[in-house]
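Residue numbers (the numbering used here), protein chains in the order written: chain A, 1 to 254; chain B, 1 to 151.
These are calculated hints, taken from the structure and not from any lab test.
Careful, some of the hints might be misleading.
Output of the computed footprint for chain B on chain A, the stretches with three or more beta carbons under 8 Å from beta carbons of chain B [to be verified]:
| # | segment |
| --- | --- |
| 1 | 6–14 |
| 2 | 17–30 |
| 3 | 43–56 |
| 4 | 75–88 |
| 5 | 92–101 |
| 6 | 147–155 |
| 7 | 225–233 |
Cβ atoms here follow ideal geometry from the backbone N, Cα and C, with glycine treated the same way.
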Amino acid sequence: MNWFGDVKTVCLLAAIVTGALGIWLLLPRGNRRGQIAGTLLAAVSLGLLMSLLPMMGAWVSQVLFWILAIATAVAAVATISMRSPVYSAIWFGLTLLTTAGLFLLQGAQFLGVATIVVYAGAILVTFLFVLMLAQPQGHEYYDRISWGTLPTAFAALAGVLIVGGLTYMLTNLDATAVNESIASAAVHQGDGEIFADQHMAKLGGELFSRHLISVEVAGTLLLVALVGAVAIVIQGKEPRASTAALRGGGPSDA
Amino acid sequence: MLNEVAVLQNYLVIGAVLFAVGLIGFIVRRNMIVMFLCAEMMLQGVSVTLVAFGRYHNNWGGQMLVLFIITVAACEAGIALALILMLFKKSGKLDIAFWQDMREAGQPPFVDRAIPEERAEERVWPRLTPAGIEPQVDEVEKEERLHRSRV
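All chains, full assembly: derive it from the sequences and hints.
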């Protein structure tokens, strides 16, 4: 048992080292050397990380999770390592799609669809639009060098250490103790709430009863954001002649 | 029968991966739009975590929070879009390092040590597959098109 724990710790350390090195090699640092090595190292790190995770028990769920998780991780790393921001945005779209798949597997059908519609359909497309407006030729120098070699290395190490620490903590949990404390909670909540029939009806019922005030606040927030965005964009624009005339013809301070 | 604790652990780790990769990208990248995409990726990681917890506890709390996260992300996208457009109008580029004049007094400025030249083979664009054959247009039709009403 102790020997097994040692193997897991070594695996985790190897995953951290290879992951940090691989991501550092993949990120834009000015030259393109070592990208294939970086891809290989990051793939090894992902494989080690996946091997550390416990089995779910049902092979269909396990295989689906592996496919979606690996696609999510690959697309996420590709998003931050692409030199052209257009490619970054497209890879981020793939990340959103696989995340929606993870939501569907977890019994959150509405959120999966909402992620695709709101994120991939609206936000991402709007940002691609701005990208094409601002930087139509792509390939700017600041996409090729970022902040230099050393800050990139430290950022990669810090990010990988977060994942490594969390994995260490999670895989060493005493699962039985957690299970017992949660079993009572599940009984209290009513069994099969999330996976029961009439998903939308139950979700809407919960949203508009228990979280009604939050819905109101969210609506207000959307309105405020709309007004704020318009206010930011019209800052610094010359007032039109008709507006100036209405104000008495004087120079405006806008 | 699924082992619910194992399911939770798997999904928490993939959520952490998304968050950490977004964090790395936010720190490392200098393009403002890519930085924004990385911030959204961090939100996605948190969403995966919340949905996993909601499934584990078998209640709607996690999904409700994610619903509101999506709302706030939409607001954030609108504001960020306006800000990025304003900054781009003032500086002419999407580089966040252009705005380092706003740093604390007494801090040394960040200077790029060497800007690498772009090589010709890096100018790669996605190639669209041709959709169908270009129709043949004879001279008479060309003439007719020239005088056709544009409404």
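Exercise for the section: Please count how many residues of the segment 6–14 of chain A have a CB within 8 Å of a CB from chain B and say whether that reaches 3. Expected result: It is violated, with 0 qualifying residues against the three required.
Handout entry: Outcome, coverage of the segment 75–88 of chain A by chain B - at least 3 residues whose beta-carbon is closer than 8 Å to one in that chain
Key = holds (count 7)
Problem - Coverage criterion applied to the segment 225–233 of chain A (partner chain B; beta-carbon cut 8 Å; 3 residues) - result: holds (count 7)
Handout entry: Whether chain B covers the segment 43–56 of chain A (at least 3 residues having a Cβ closer than 8 Å to its Cβ atoms)
Key = holds (count 5)
Problem - Residues of the segment 92–101 of chain A with Cβ under 8 Å from chain B, three needed, outcome - result: holds (count 4)
Exercise for the section: Establish whether the coverage given for the segment 17–30 of chain A by chain B is satisfied; the threshold is a Cβ-Cβ distance below 8 Å, and no fewer than three residues must meet it. Expected result: holds (count 4)
Problem - Outcome, coverage hint (the segment 147–155 of chain A, chain B; C-beta under 8 Å; three residues) - result: It holds, with 5 qualifying residues against the three required.
Figure legend: structure checked against the earlier numbered hints; the only hint not met is number 1.
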